[in-house]
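Q: Residue-level listing of the chains:
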Amino acid sequence: MSNRKRSGFLFSAVCFGIAFLYIPMIMLIVYSFNKSKIVPVWGGFSTKWYGVLFESEPIWEAVSLSLKIATVNACFATILGTLAGLALVRFGSFKGRTLFSGMISAPLVMPEVITGLSLLLLFITLKEFIGWPDKRGFTTITIAHITFSMAYVAVIIQSRLAGMAQDLEEAAQDLGAKPFRVLIDITLPLLAPGMLAGWLLSFTLSLDDLIIASFVSGPGAVTLPMLIYSRVRLGLRPDINALATIIILVVAAGVLLAGYIMLRQQRQHELEQSMTAEESL
Amino acid sequence: MRIKVVFDNYAYLWEDDLYVKTYLSSIKISSISTLVCLLIGYPMAYAIVRSSHTTKHVLLMLIILPFWTSFLLRVYAWMGLLADQGTINDLLIALGIIDEPIRLLYTHFAVYVGIVYTYLPFMILPLYANMEKLDWTLLEAAEDLGARPLTTFITVTLPMTMPGVIAGSLLVFIPATGEYVIPDLLGGGNVLMIGRILYNEFNSNIDWPVASAVAIALLLVLVLPMMLYQYMQGKEYDAQ
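Residue numbers (numbering that gives the first Met the number 0), protein chains in the order written: chain A, 0 to 280; chain B, 0 to 239.
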């Protein structure tokens with residue numbers, strides 16, 4: 000294979016892969032503007048399904064429940080995950096460190112059906128012994144989401160801490176700052192971008208979760224994915240296409256914005272570096 | 000509350016060959032899907048690593064974006080594409096390749112497509128992370144010394160990228176084996192997968208002891224791949 004043939008092959012591989020990832024989502028958006036009730040049969044352009052969507056009471060209830068759970072989950076998961084990451088990286092090799100780091104990363108690869116079932120059995124046993132939680136819903140779903148979201152946050156914080164030089168923390172310590180002060184004034188501000196990334200990831204994971212929420216939810220508590228799932232199980236629905244379009248556009252706008260900011264920061268960083276390099280010459 | 004230990008639930012799993020069949024079918028489906036993800040993802044990750052700075056950034060963002068959108072809705076998108084009156088059948092009929100719609104939705108094929116589609120980013124990103132750290136001058140050295148491209152690939156590139164291949168494969172294989180939504184929405188009643196059996200035991204049959212036994216049996220299948228993944232992550236971490 001010559002060089003040109005090889006780059007031709009790689010180019011088509013990327014094009015195929017990107018097309019494979021995006022064509023289904025584009026079709027989803029196109030059919031949300033379909034006048035016909037039967038999703039894949041084109042009956043002319045219309046935005047009526049968006050109207051149907053906005054008038055639907057259950058959808059608004061599900062959206063508000065999901066957003067509430069996602070917000071509370073993201074805040075708790077960020078705090079707990081950051082503490083776990085700090086303990087694993089900065090506290091040296093304490094007793095049981097391997098066990099802890101294994102337990103922290105297990106939820107990342109655990110099939111959701113197992114996590115969901117085990118949490119449900121835990122809540123039932125707890126109720127049997129201490130009478131709490133007396134009903135399943137918002138609280139149980141939020142606790143379940145925190146348990147797996149904090150694992151993701153811990154991994155992000157761990158990798159950020161590992162790549163971070165310790166000299167600022169050491170300098171503060173040498174100047175007489177107490178450990179707690181070093182944590183508040185030096186370590187946490189340096190970790191802030193990682194914590195923000197962890198918060199956003201936890202928020203998204205919670206909004207996206209169907210299985211675990213279905214296991215630990217009780218009567219009356221229906222999250223957005225649970226609602227979508229109960230509708231699409233019976234077949235294609237144009238109002239769900241409209242909902243999907245809104246979700247995809249919001250996420251795409253967020254990711255593009257984040258990507259743009261990161262690219263700009265990186266450019267600026269490189270520019271500063273090259274300038275200091277020139278000065279030192 | 001009194002707890003009595005019995006093993007009846009496990010004996011039940013072993014005796015009813017539906018469960019054994021379902022385990023084998025799950026492992027087969029997730030292995031083949033992992034292989035397909037690797038075949039599509041490897042050249043993509045390679046191409047991304049070798050592209051220019053800005054292109055790399057844009058491509059990575061395009062790979063990550065689907066990961067942030069709803070998993071459930073991406074599976075739903077394939078229901079519209081694969082349906083009897085769906086986009087793919089319409090296209091094939093318009094092109095004159097087929098006369099009547101062929102059954103695509105509610106088949107094994109649909110489940111494979113769904114798993115490969117949703118888990119592809121999990122394959123590409125670890126591969127990319129591994130390839131980015133590689134010393135590409137070794138490839139040039141092999142070429143300078145007269146190795147053919149295929150020889151270079153098998154003796155240099157592939158061994159160097161093996162950690163990425165293993166990490167990506169495990170990240171696809173482990174969750175795919177326990178997958179519930181994809182076989183339920185795209186496979187209909189025809190596709191046996193263990194995650195679905197577990198969910199049905201819990202949800203429709205309300206047989207929680209059997210559901211728990213199914214979960215433990217699934218965990219036994221996955222505990223080795225999960226430990227392998229953790230071991231590799233630990234090694235990676237120490238290398239930093």
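Careful, some of the hints might be misleading.
Claimed, not checked - With a cut-off of at most 30 Å between alpha-carbon atoms, the simulated DSS-like pairs for lysine-lysine come out as follows: (1) A/Lys36 <-> A/Lys94; (2) B/Lys3 <-> A/Lys134; (3) B/Lys55 <-> A/Lys94; (4) B/Lys234 <-> B/Lys55; (5) B/Lys234 <-> A/Lys4; (6) A/Lys47 <-> A/Lys34; (7) B/Lys234 <-> B/Lys27; (8) B/Lys132 <-> B/Lys3; (9) A/Lys47 <-> A/Lys67; (10) B/Lys3 <-> B/Lys55; (11) A/Lys36 <-> A/Lys47; (12) A/Lys4 <-> B/Lys27; (13) A/Lys126 <-> A/Lys67; (14) A/Lys67 <-> A/Lys134; (15) B/Lys234 <-> A/Lys126.
As the list claims (entries may be wrong) - To list a few chain B residues with every Cβ distance to chain A over 12 Å, as calculated: (16) Met43; (17) Leu61; (18) Gly95; (19) Pro158; (20) Glu178; (21) Asn189; (22) Ile215.
These are computed hints drawn from the structure, not numbers from a lab. Glycine included, every Cβ here is placed at the ideal spot set by N, Cα and C.
Q: Confirm or reject each hint.
A: Results for each hint:
With a CA separation close to 62 Å, the supplied pair A/Lys36 and A/Lys94 exceeds the 30 Å bound. Of the supplied pair hints, the one linking B/Lys3 and A/Lys134 holds, its CA atoms being roughly 26 Å apart against a limit of 30 Å. For the suggested pair B/Lys55 and A/Lys94, the alpha carbons sit about 42 Å apart, so the restraint of at most 30 Å is broken. Distance hint between B/Lys234 and B/Lys55 is fulfilled; the C-alpha atoms sit about 27 Å from each other, no more than 30 Å.
For the suggested pair B/Lys234 and A/Lys4, the alpha carbons sit about 37 Å apart, so the restraint of at most 30 Å is broken. Restraint check: the Cα-Cα separation between A/Lys47 and A/Lys34 comes to about 7 Å, which is no more than 30 Å; the hinted pair holds. Annotation: proposed proximity of B/Lys234 to B/Lys27 holds, straight-line Cα distance about 29 Å (limit 30 Å). With a CA separation close to 54 Å, the supplied pair B/Lys132 and B/Lys3 exceeds the 30 Å bound.
At roughly 28 Å between alpha-carbon atoms, A/Lys47 and A/Lys67 fall within 30 Å of each other, so this suggested pair holds. Straight-line distance between C-alpha atoms of B/Lys3 and B/Lys55 comes to about 59 Å, which puts the hinted pair past the 30 Å bound. At roughly 10 Å between alpha-carbon atoms, A/Lys36 and A/Lys47 fall within 30 Å of each other, so this suggested pair holds. Restraint check: the Cα-Cα separation between A/Lys4 and B/Lys27 comes to about 34 Å, which exceeds 30 Å; the hinted pair is violated.
Note on A/Lys126 and A/Lys67: the hinted pairing holds, with a Cα-Cα distance of about 24 Å set against a maximum of 30 Å. The hinted pair formed by A/Lys67 and A/Lys134 meets the criterion: a straight-line CA distance of about 18 Å does not exceed 30 Å. Only pairs whose Cα atoms come within 30 Å are accepted, and B/Lys234 paired with A/Lys126 is rejected, the gap being roughly 41 Å. Under the 12 Å C-beta cut-off, the non-interface status given to B/Met43 relative to chain A is violated; the minimum distance is some 4 Å.
Chain A draws B/Leu61 into its interface by the beta-carbon criterion, the shortest separation being 6 Å against a cut-off of 12 Å. Every CB of chain A is more than 12 Å from the CB of B/Gly95 (nearest about 19 Å), matching its label as outside the interface. At the 12 Å boundary, the C-beta of B/Pro158 stays outside the reach of chain A, the nearest C-beta of that chain being 19 Å off. Not every Cβ of chain A is farther than 12 Å from the Cβ of B/Glu178; the closest lies at roughly 8 Å, contradicting the non-interface assignment.
The beta carbon of B/Asn189 sits about 16 Å from the closest Cβ of chain A, which is more than 12 Å, so the claim that it is off the interface holds. Look at B/Ile215: its CB is around 9 Å from the nearest CB on chain A, not clear of 12 Å, so calling it non-interface is violated.
The structure fails hints 1, 3, 5, 8, 10, 12, 15, 16, 17, 20 and 22 (numbered hints given earlier, in ascending order).
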